[in-house]
Amino acid sequence: MLPKHNLKAYDAELTELRALISQMGGMAQSLLEDAVAALLSRDSARAQSLISDDEAIDALEIEVERLAVQTIALRAPMADDLREIICALKISSILERIGDYAKNIAKRTTALSDDDISDHISILPEMARLASGMIQATLDAFVERDAEKAADVRDRDIRIDTIYNTLFRDMLSHMTENPDAITPSTHVLFIAKNIERIGDHATNAAEMVYYSATGNILETDRRKNDSTSYTTRDEIDQN
Amino acid sequence: MNVDPSNALMRDAEAASAEGIPPKMVARSVNVHYGATHALKDVSLDIQGYEVTALIGPSGCGKSTVLRCFNRMNEMFENTQTSGQVTIDGMDIYARDIDVVALRARVGMVFQRPNPFPKSIFDNIAYGPRIHGLAETKEDLEQIVEASLQRAGLWDEVKDRLKQSGTALSDGQQQRLCIARAIAVQPEVILMDEPCSALDPIATGKIEELIEELRTGFTIVIVTHSMQQAARVSQRTAFISRGELGEYGPTVEMFTKPRHERTKDYIMGRYG
Ligand SMILES: Nc1ncnc2c1ncn2[C@@H]1O[C@H](COP(=O)(O)OP(=O)(O)OP(=O)(O)O)[C@@H](O)[C@H]1O
Ligand SMILES: [Mg+2]
Numbered sequence: 001m002l003p004k005h006n007l008k009a010y011d012a013e014l015t016e017l018r019a020l021i022s023q024m025g026g027m028a029q030s031l032l033e034d035a036v037a038a039l040l041s042r043d044s045a046r047a048q049s050l051i052s053d054d055e056a057i058d059a060l061e062i063e064v065e066r067l068a069v070q071t072i073a074l075r076a077p078m079a080d081d082l083r084e085i086i087c088a089l090k091i092s093s094i095l096e097r098i099g100d101y102a103k104n105i106a107k108r109t110t111a112l113s114d115d116d117i118s119d120h121i122s123i124l125p126e127m128a129r130l131a132s133g134m135i136q137a138t139l140d141a142f143v144e145r146d147a148e149k150a151a152d153v154r155d156r157d158i159r160i161d162t163i164y165n166t167l168f169r170d171m172l173s174h175m176t177e178n179p180d181a182i183t184p185s186t187h188v189l190f191i192a193k194n195i196e197r198i199g200d201h202a203t204n205a206a207e208m209v210y211y212s213a214t215g216n217i218l219e220t221d222r223r224k225n226d227s228t229s230y231t232t233r234d235e236i237d238q239n
Numbered sequence: 240m241n242v243d244p245s246n247a248l249m250r251d252a253e254a255a256s257a258e259g260i261p262p263k264m265v266a267r268s269v270n271v272h273y274g275a276t277h278a279l280k281d282v283s284l285d286i287q288g289y290e291v292t293a294l295i296g297p298s299g300c301g302k303s304t305v306l307r308c309f310n311r312m313n314e315m316f317e318n319t320q321t322s323g324q325v326t327i328d329g330m331d332i333y334a335r336d337i338d339v340v341a342l343r344a345r346v347g348m349v350f351q352r353p354n355p356f357p358k359s360i361f362d363n364i365a366y367g368p369r370i371h372g373l374a375e376t377k378e379d380l381e382q383i384v385e386a387s388l389q390r391a392g393l394w395d396e397v398k399d400r401l402k403q404s405g406t407a408l409s410d411g412q413q414q415r416l417c418i419a420r421a422i423a424v425q426p427e428v429i430l431m432d433e434p435c436s437a438l439d440p441i442a443t444g445k446i447e448e449l450i451e452e453l454r455t456g457f458t459i460v461i462v463t464h465s466m467q468q469a470a471r472v473s474q475r476t477a478f479i480s481r482g483e484l485g486e487y488g489p490t491v492e493m494f495t496k497p498r499h500e501r502t503k504d505y506i507m508g509r510y511g
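Protein chains in written order, with our numbering: chain H, 1 to 239; chain B, 240 to 511.
These aren't lab readings, by the way, just hints derived from the structure by calculation. Don't take every hint at face value.
Residues on chain H that point at chain B, a partial pick, calculated with CB under 7 Å [to be verified]:
id: 1; residue: Pro3
id: 2; residue: Lys4
id: 3; residue: His5
id: 4; residue: Ala45
id: 5; residue: Gln48
id: 6; residue: Met78
id: 7; residue: Ala79
id: 8; residue: Gly215
id: 9; residue: Glu219
Even for Gly, the Cβ is constructed at its ideal location relative to N, Cα and C.
Pulled out of the complex, with its shape left as it was, chain B reads as follows:
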């Protein structure tokens, strides 16, 4: 096949754009360096709204780095350089006048290990709305806490012990608490970095169910090492390979007929 590689790459980058609907977030020619490490090379990726996009690829390929580009989390590390463009609803998130705290309220994040604050369950959820001034009254705040815990499917399990420490919950409950905390500030996009890797299959199932549920109100990008999880929860899958976008397309196609050998070898569990 004689396809101009740059065109093919662009087609892949835009694989997510459903007809006519502009993507929620767009990354164009993003390069990230950690000191001497060139971690991302010209990555372009469209993230479609109200869908789950899965990022898969071998360890160290740059999945977490891609994810962190979408809310400027990479800047938290020393010696990091990011170039290229990332937009949300067309707005450049790396522009000079961007308030990074406000950006991270719009683009929230859930990490691999559940990381509740060493505070009460209530305060874990209330923290974000408080600092972002989302609640005028105590009742408002209680309402947000309940709604967030409801949405995260945790309310019934914790409603009688909201004053208990968040760290006293089981790992699966802690992860749902972190999701509740992320949605409490009403983000538009939720980034999840291997959110189930510390969880058993039942707790994992609950999170996956929750992800499917959340898709109605949020745009989700999830990094996962489980092909089955990517297949179960996502509508689009991006394969990252050695810091580049290897292939991007509808999840069903990625797992039934991937176009590139490298993708194929990876998802089929073969030596490259």
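Bound-form chain H, shown alone:
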């Protein structure tokens, strides 16, 4: 533990900021996992209720902003404190975006409810679990000021990217063979893309945590594994 500030109220504000970020992270994780679960069980009612959960995350983001600005104004934070507050601000906006992606997944539940593409979407919970694990690890690293843990989060992103690439090719050939399935397949691709983006966002948040913990920028040799933007029809046909 770091030594305490001369002002108790200052410590209390930083503790509250950390608690708010943890809370937001937990909510974003559940929202993501529940959205994918609702999708798989074709549970439109549950999906609908999740859409309003996203508003709670948005409200927390505003609260984090308010508290961070207040602390900067009143305490003139320095060094580790300054980095941590800036990091909290950035992470909260990342978590808000993650909430949006999860909400977007929930919204597609209705669009998928009639179509039988269960084989193709059975991998989505695994993707969501991986992404949720990245959020969890990032927040743990934030609260524990653990630079190593933050750096490790980046490597996990590769696994999500790999699953996404496989699913992408899979869906393209599925659509080629079944023109009727183009609409639901497109939804599946968007959902998978959303989860893949959540992984990217968690990675960015982890990079912020690394900076907060060390004061150094994590070098950007990200092994990006999303090759789908270069995939052509010819390649699909060959596969």
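Starting from the structure of chain H, add chain B with the ligands where the hints point.
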């Protein structure tokens, strides 16, 4: 980290040397005793020219003592012993043949409480140039007085009442008068010991603006208790802790990622 502490200290001491440019003043292994009090322990510090170096640290850590080493002001106290080396442009200022009065003209000082002489505004500024023989004629002297007051940003406020007593000015104006007085003898280095601690934020802002302005022509070392002030005015910051140099580096780094726990605790306002 397994860094040889003496090397680390040296690296810190030289943190100010910008590539290739020799420092304006150098302190090497300076020890100061006030009677039985060992106030400075092996302090080594390079002061880079045309920059503002801030000295920060808890009360009683030795900031003022460090500052006073640079113009031998510590000798004004009884029972003081100074050892080690301090140079200006490579010249040892503690050498036997040094004229201390001339040294203090090169390395001027501004104190915490504005301390104008109980004389006219004009005479406050003219005093130094007169005793150092910097003005041959009355016109020369008037020219120096005006230029110094201009430089200190005080001219417009006092030009119509140069005969009034310096002590009749506001605290902020008095402090700028003292800065004008310090620069009137054309020093190379100006030492400032908490120059704004008696001033309100507006008067403080004016002095800080002035410091930034003066940096183009002078080398400045400032002691301050305000982290924000150190951050605003300086390019390098030295953290003094219990009579030792705790950490020294570029100001931005000191306030965003200090390397030592003690520095961190101090600037973040934590219990050590
Ligand atoms: N003239 C003196 N005679 C005896 N001891 C002195 C004298 N000046 C300073 N000291 C002692 O030397 C140590 C360093 O004092 P110094 O004034 O340099 O500290 P400082 O960092 O400037 O403190 P502050 O922030 O309170 O001004 C202190 O322990 C102080 O009591
Ligand atoms: Mg002092």
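Verification of the hints:
1. Pro3: holds (4 Å)
2. Lys4: Given a least distance of 6 Å, the restraint on Lys4 (chain H) holds.
3. His5: This interface hint holds because 5 Å falls under the 7 Å limit.
4. Ala45: violated (50 Å)
5. Gln48: Violated, about 46 Å.
6. Met78: holds (5 Å)
7. Ala79: Result: holds, 5 Å to nearest chain B Cβ.
8. Gly215: Status holds, d = 3 Å.
9. Glu219: violated (17 Å)
In this structure, the hints that do not hold are numbers 4, 5 and 9, in rising order.
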